[in-house]
Amino acid sequence: MSNCNTCPSAATCSSKDAGTCTIEFNPNNNIKKVIAVMSGKGGVGKSTVSVLIAKKLREKGYKVGILDADITGPSIPRLLGIKDKRATGNEEFIFPVETDDGIKAMSLNFLMEDENQPVIWRGPIITGVVQQFWNEVLWGDLDYLIIDMPPGTGDVALTIMQSIPITGIIMVSVPQDLVSMIVAKAINMARKMNINVLGVIENMSYIVCPDCGKKIKLFKGDTEKFIKDLGVELLGEIPMNEDMNNLELYNENKDNISKIFEPIINKILEKVNG
Numbered sequence: 701m702s703n704c705n706t707c708p709s710a711a712t713c714s715s716k717d718a719g720t721c722t723i724e725f726n727p728n729n730n731i732k733k734v735i736a737v738m739s740g741k742g743g744v745g746k747s748t749v750s751v752l753i754a755k756k757l758r759e760k761g762y763k764v765g766i767l768d769a770d771i772t773g774p775s776i777p778r779l780l781g782i783k784d785k786r787a788t789g790n791e792e793f794i795f796p797v798e799t800d801d802g803i804k805a806m807s808l809n810f811l812m813e814d815e816n817q818p819v820i821w822r823g824p825i826i827t828g829v830v831q832q833f834w835n836e837v838l839w840g841d842l843d844y845l846i847i848d849m850p851p852g853t854g855d856v857a858l859t860i861m862q863s864i865p866i867t868g869i870i871m872v873s874v875p876q877d878l879v880s881m882i883v884a885k886a887i888n889m890a891r892k893m894n895i896n897v898l899g900v901i902e903n904m905s906y907i908v909c910p911d912c913g914k915k916i917k918l919f920k921g922d923t924e925k926f927i928k929d930l931g932v933e934l935l936g937e938i939p940m941n942e943d944m945n946n947l948e949l950y951n952e953n954k955d956n957i958s959k960i961f962e963p964i965i966n967k968i969l970e971k972v973n974g
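Going by this note's numbering, the first residue of the sequence shown is number 701, and it counts up by one from there.
Some hints here could point you the wrong way.
As the list claims (entries may be wrong) - Pair by pair, the computed Cβ-Cβ distance ranges are: (1) Lys925 - Asn956: 26 to 36 Å; (2) Asn816 - Asn973: 38 to 48 Å; (3) Asn728 - Leu858: 21 to 31 Å; (4) Asn728 - Asn973: 24 to 34 Å; (5) Gly823 - Lys959: 40 to 50 Å.
Keep in mind that the hints were calculated from the coordinates and are not lab data. The beta-carbon is built from N, C-alpha and C at its ideal position, and this holds for glycine as well.
Throw the hints in and build the complete structure from the sequences for me.
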């Protein structure tokens with residue numbers, strides 16, 4: 701069993717009393733809160749949301765790290781603008797790559813010579829790498845570690861929920877009924893694993909007409925019913941626009957992005973600290 705007194709999920713954990721805790725800690729790390737970003741479905745902008753959360757938390761003065769657990773489709777290095785950097789290590793630890801604004805990051809792409817090479821591994825190897833990123837990376841002191849989860853509810857998601865002390869999960873969806881159904885599966889998985897679901901962020905929610913400023917919904921989906929039926933909170937809606945699609949130019953578009961994402965990050969902070 702891990703050290704319950706310093707575990708980020710201690711407040712919502714029931715396994716410590718039953719002696720069934722499977723969480724492991726690296727004693728050299730001090731990570732106060734872990735937020736996982738999940739969708740259950742690929743292509744909905746989960747990695748973009750993960751990076752936005754990390755950047756906004758860093759701007760507020762928090763020490764932040766981001767763990768890219770999407771081993772077969774890692775995109776965090778590109779979104780952070782550090783795709784050409786490589787991780788280093790020694791016999792004991794792997795050292796995360798750090799962005800210019802002080803976000804620590806770990807991704808499989810930091811360990812590969814060519815980011816375009818496919819990762820053709822079976823499930824046990826992939827889950828082992830994720831556990832290494834948690835236990836063997838020297839994260840040091842972090843207020844928040846953001847985990848960019850892989851799509852689906854398979855081996856990697858299960859391993860993360862069982863072996864990493866998640867404070868809460870944020871679900872990313874888009875306003876389509878088919879996607880909502882798949883995201884619902886991920887929400888129900890988290891609940892079965894006794895993981896706190898902080899809420900849902902709806903990505904690609906609308907576009908803004910450049911002439912009149914009117915919000916235009918491109919997809920048909922009953923978001924209100926989806927949220928109500930699952931009993932979760934809608935943390936915010938993200939439009940489809942160029943600023944959100946090109947986070948490598950984040951600093952140039954920071955003001956426009958902040959108008960959209962500042963209310964969302966404030967809700968997240970209320971949820972994890974409230």
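Now for the hints, and whether the structure bears them out:
{"no.": "1", "hint": "Lys925 - Asn956: 26 to 36 Å", "in the structure": "31 Å, holds"}
{"no.": "2", "hint": "Asn816 - Asn973: 38 to 48 Å", "in the structure": "40 Å, holds"}
{"no.": "3", "hint": "Asn728 - Leu858: 21 to 31 Å", "in the structure": "26 Å, holds"}
{"no.": "4", "hint": "Asn728 - Asn973: 24 to 34 Å", "in the structure": "25 Å, holds"}
{"no.": "5", "hint": "Gly823 - Lys959: 40 to 50 Å", "in the structure": "41 Å, holds"}
Hint violations for this structure: none, all hints satisfied.
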